[in-house]
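A.B. asks: Listed below are the residues making up each chain.
There are 2 protein chains.
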Amino acid sequence: MVVTHPKTGEQLSVGIDLITVPRLRETLQAYQNAEFDFLVLPLAHPRYERTFDNVHNAEQARSKLASSALGRDKSAHGVGSAGGSVTAQHMGVIRDEPFTRSDMELSSGEWMSSVIGKVSPWICLDSIHDRVRKNAEKAFFQEVAFAAHLSLRAVVVEATLGGASSGIANMGRCINAALHKHPALQIWLRIPVKVADDVARASLRNGDTWEMWNAIRCMCDSHPNLYVAMELGGEMPSVASMARWAAEPFRLVFLSTSAFQMNKHGYPVLIKQHQTSLRILFKYRPHLALCHKLPAGLERLNKGYRFYVEYLAHFFGKSERSAVEQFREPYNDFLMAPTGESCTRGASQLLLNSCVEAQTYETFESDPAKYDKYSEALRKCLSARKRGQMKTVILVMGAGRGALVRLVLAAAADTSMPVQIYAAEQNAHACAALHDAFTASTDQHDVIVVHCARGYRAWRPDAKADVILCEMLGSFGDNELAPECIDAIARDHLKPDGVCIPSKVSSFVAPLASAKLYNEVCAFGNRARADFESPYIVSIHRGMIVAPEEECFVFELPGASSGPTSASPGSNASNERYRSLTFSISESNNLHGFAGYFDAVLYKDVTLSTRPGAAGTDGLVSWFPYFIPISEPVYMARGGECVLDIWRKTDDTRVWYEWCVVSPAHLALHNPDGRSSAIPLL
Amino acid sequence: MVVTHPKTGEQLSVGIDLITVPRLRETLQAYQNAEFDFLVLPLAHPRYERTFDNVHNAEQARSKLASSALGRDKSAHGVGSAGGSVTAQHMGVIRDEPFTRSDMELSSGEWMSSVIGKVSPWICLDSIHDRVRKNAEKAFFQEVAFAAHLSLRAVVVEATLGGASSGIANMGRCINAALHKHPALQIWLRIPVKVADDVARASLRNGDTWEMWNAIRCMCDSHPNLYVAMELGGEMPSVASMARWAAEPFRLVFLSTSAFQMNKHGYPVLIKQHQTSLRILFKYRPHLALCHKLPAGLERLNKGYRFYVEYLAHFFGKSERSAVEQFREPYNDFLMAPTGESCTRGASQLLLNSCVEAQTYETFESDPAKYDKYSEALRKCLSARKRGQMKTVILVMGAGRGALVRLVLAAAADTSMPVQIYAAEQNAHACAALHDAFTASTDQHDVIVVHCARGYRAWRPDAKADVILCEMLGSFGDNELAPECIDAIARDHLKPDGVCIPSKVSSFVAPLASAKLYNEVCAFGNRARADFESPYIVSIHRGMIVAPEEECFVFELPGASSGPTSASPGSNASNERYRSLTFSISESNNLHGFAGYFDAVLYKDVTLSTRPGAAGTDGLVSWFPYFIPISEPVYMARGGECVLDIWRKTDDTRVWYEWCVVSPAHLALHNPDGRSSAIPLL
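Chains as they are written, first to last, in our numbering: chain A, 24 to 705; chain B, 24 to 705.
Treat the hints as calculated values from the structure; they're not laboratory data.
Wrong hints could be hidden among the right ones.
If you only want the chain A side, here are some residues facing chain B, beta carbon under 7 Å, derived [what the hints assert, rightly or not]:
| no. | residue |
| --- | --- |
| 1 | N199 |
| 2 | F339 |
| 3 | V685 |
| 4 | A691 |
| 5 | P695 |
The calculated lysine-lysine pairs, modelled on BS3-like cross-linking and capped at a C-alpha distance of 25 Å, are [said to hold, decoys possible]:
| no. | chain 1 | residue 1 | chain 2 | residue 2 |
| --- | --- | --- | --- | --- |
| 6 | B | K204 | B | K539 |
| 7 | A | K627 | A | K518 |
| 8 | A | K287 | A | K30 |
| 9 | A | K527 | B | K30 |
| 10 | A | K157 | B | K527 |
| 11 | B | K30 | B | K295 |
For every residue, glycine included, the Cβ atom is placed at its ideal position computed from N, Cα and C.
The whole structure should be built from the sequences, with the hints applied where relevant.
C.D. replies: Structure (structure tokens):
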């Protein structure tokens, strides 16, 4: 049964993990009756262990027997096998019968939709014994080839933990080879999210199963058909560790029946800790597979297992998604170029025009949280002004289609402060909308629409402003050049007691692990350098912030409230910045870049923040995080430091960022001299 | 004076490092008279410290003064300066006179050949004070631009150690920017090879100045115009550490007069430890620059400094180069494809033909050390045989132009053992030479030339062999497929008491740091993947073996002496191998790949080794090291481990290697399924 979420319409698929399947069709039927959607089953019978070495000799032995048995009927085959087992005394069991069932047992549609294959558990690809290892390799490739022949969705390979294995390198090599040999087949690496400490310490780096996954993923060069099939067993990791797993490409969650307990009515319910984990994982829409360590008789199924499925369906139905999450969903992990940025990257298909589209305006305007803040700031600002003869002059920079103008008019009406508004806008289409909306001046309020075709910095308003109002913050606070634009206007056109809204903007940066986003950048231009030297705007979904964000660049914007600043407004160089930021790494992970956010002080205590979890972020949807990529993943060990040096540079025509990871590894300086991405100064 | 080595003809150029140069032409003349070849001198006068900030305001102030002074003559310039210094009370010293001397003081030829520029020492690019840092940046770019204007060979930038600097990131960024801005200019980073421990611990990773160089090099993405100008001062590092410095791209060695002491005749001689260091460095042909902490009057020059130059010329003249070094010199760091390998790499210009060229044969044949060993092995082998009626049958695989055949004949004559030689050769041109040399059979000895056009494995000799003789070892021992070729012949054509020469081959691997070779691989195909997945043959010069070599693959070749082997001769898979090798890193460095060598047991106690420093390597020139590259440099911290997993894989038509670095970082598996390089099985 595919479970459908009652509100979101999302689907959940629940399967069962089986150890032996003597009669495939009956088994499939029985589990489908018990509401299971698919089976995870071994491709070969567990007892079909095979040896391949000395096949040459064995064949010779067999052909000798066969020739002596010449003229007998087909039942001589039995003798052939016996001949095989003679050599087998020295050579191990050699079989020449087919190693597994016929592909005719199910229709190809059934194989594809209802079966996930499993590689035999006896296959130890990293045995310290040459012969065992070589046999294991042959059996492995034989079974994978069978899975490919059946066009199964995936084959599950179990990560070997400890035992007589020397590590995982040969498993990694074999998985890599299988992925290359069968380009349509997915391999799902089955791995527990945590193992008992004694097992872990014996065989794993940091005692951490994630390290094993990471090693194999790296060996396979992050092959797009390699996924995790994670096992939630008795041992459960911390929430942070679970979040790290959730950011990995996983397709399947094995859920042991031991993760359940019986409620007072005798029905199975998930243990609390597993509920928490599963809620985190549901965001990524995995398949679930129930597993039970003891093989169960078919007769138990209709009674017992059905309740597990029903419980999971119920639990899934209760999972919630916030309005912001729903809004962001279609944008998840989709890289966009920052508005107004010129760049040399291959990603020309991104929304890249400095003329914002109508649709984008609509999105920006539909952010009540942002406009509530601006509205509050405007009211407080107007209320604080002395009442005089003069109208309050307000310059709106980047008026768009008038959302801020409307806010000003509303605030002016509420506070009974007459205003004269200069609505400056660069985009001609938006100017048309502004003209249309604000042609009729009233006694109280004037609205003058100004088309700044050559950019805001060239604008020379014909009145000095009491307030400069600006929402061109961009996801990184300063990346739509609010500091430059406001500086240029404020120098000559802000009254001595005038104010800027916002009055201060600070950007923030946090290290990000996201193999998904890294691969997206790689995909643009075949790993072209320019793509890694350009920031993006993206709703980060498959990714994890590895350490709390640090304050990066701070801009005190001119105005009476800010007092004397060290910035000299005449020189554009005053908006250059340099920061060296250090982050402490609490859990090992790979660094793929940095997420950028910002805080803005709009007016006195009215603030805005895009930092996740910060006050003032509830319901804010206008700004997706900024994403600053790096050219290669860097492994960060638990307890270590990550150091980023980042510059905001300017010259007469452009603003750009340069960045460099200097710890734990030295990477090359990114985007020197703005060669790959820069924001033109208009 | 350019010093010429009396034997090798190499040249040494000695210069002087100066702190102030008030009168450039006289100074140049004086030092040239004292036999110095070039000057290292500051581009600006040390007292010409400049500030650049608020230039805007300062200019305004100046233009006001200038306009008030309108009508005055050019001497008003002084007033303008005074105007500058009025603002300077708040703004620092602002000058508008030229910051340094005229480019006319020397001819452009003299600038280029006799002057290396130095950036002003007060420039602190990583000051923790924003204003100091910004000023420093402007002065830095001003001076670098002047150096580029003069077409100087290079400009020396001094690495800042400790003090009020926050690190080196901004210096790295500025150097990188300068390299990009002036594509023809070289920057030489002046850095002591070792500093006093208290200075080191305060500001350097591992207390090691090499780490600082490495950080800047990495930031600059190993820019080809960035070099080291190393300073040999009072503190000297270990020989291993010196070897590490020597493997870096360095152009200049600053040699302090404090590294000398006076001998009993009152002449300066280098301290022993510095002699050792300089001998290591001479291999790489650096320039030397003498430096003295106290500025010396010109009058001292002709007397004192001249003796230093004369001593250095004398010392240089005594430096020796071994015959093998001289032989290898033209091949140093020149990547070659292994003979007979098919590969998809872009490096098609390499010597890549399976038909070896006449020149190559000549090179191989001119290796007395190798043939002495083979000769000794043959003598011992023939002496040990029982004397009977039958001639001893010797199969020579890869007879080339007959060098081994001649050895056999000589050994047979010496031991009075009649022989019948089958000289098998794949190359038709070499066969012609063989026919020409060995047509006349004697009573004693027969030579039968066999042209194996389809490869040695297809050869079916018409007699069973007593001895199989083979020199197709390749730089990695097994990479010319001696195991496969010998197995194929020995299975049916080696007498039960027959022997193989060699009887055992073992390959060895050691981690290699060589930015030079890494860059060479990058250069082939613009960092194409296939180039990093192909081994090379190369005389490693600018490179350093970071840890002792470990045994890799071992091949016991068939024969009476080796006893029963586990290898089953029928199956080619028996020559597959897998090793996981761990190396301990005693000094931090970058891993760029692995060097490969081999040991061969020719016959009983007669062995051959290409490992540097191993017994039996003296004078051996036939085999340059094997070089197994990796796709990206990996930093290896002192005290850590480097782990390499390496496989020798075979199928019906090819043999190839796969390799993967799993520690200290996980790299992708290289050359999976032999996709980039493989050796065809003929």
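A.B. asks: Against each hint, give a clear statement of whether it holds in the structure.
C.D. replies: How the hints compare with the structure:
no. : hint                : in the structure
1   : N199                : holds, 5 Å
2   : F339                : violated, 35 Å
3   : V685                : holds, 6 Å
4   : A691                : holds, 4 Å
5   : P695                : holds, 5 Å
6   : K204(B) <-> K539(B) : holds, 23 Å
7   : K627(A) <-> K518(A) : holds, 18 Å
8   : K287(A) <-> K30(A)  : violated, 29 Å
9   : K527(A) <-> K30(B)  : violated, 72 Å
10  : K157(A) <-> K527(B) : holds, 23 Å
11  : K30(B) <-> K295(B)  : holds, 23 Å
Violation of the numbered hints given earlier is confined to hints 2, 8 and 9; the remaining hints are satisfied by the structure.
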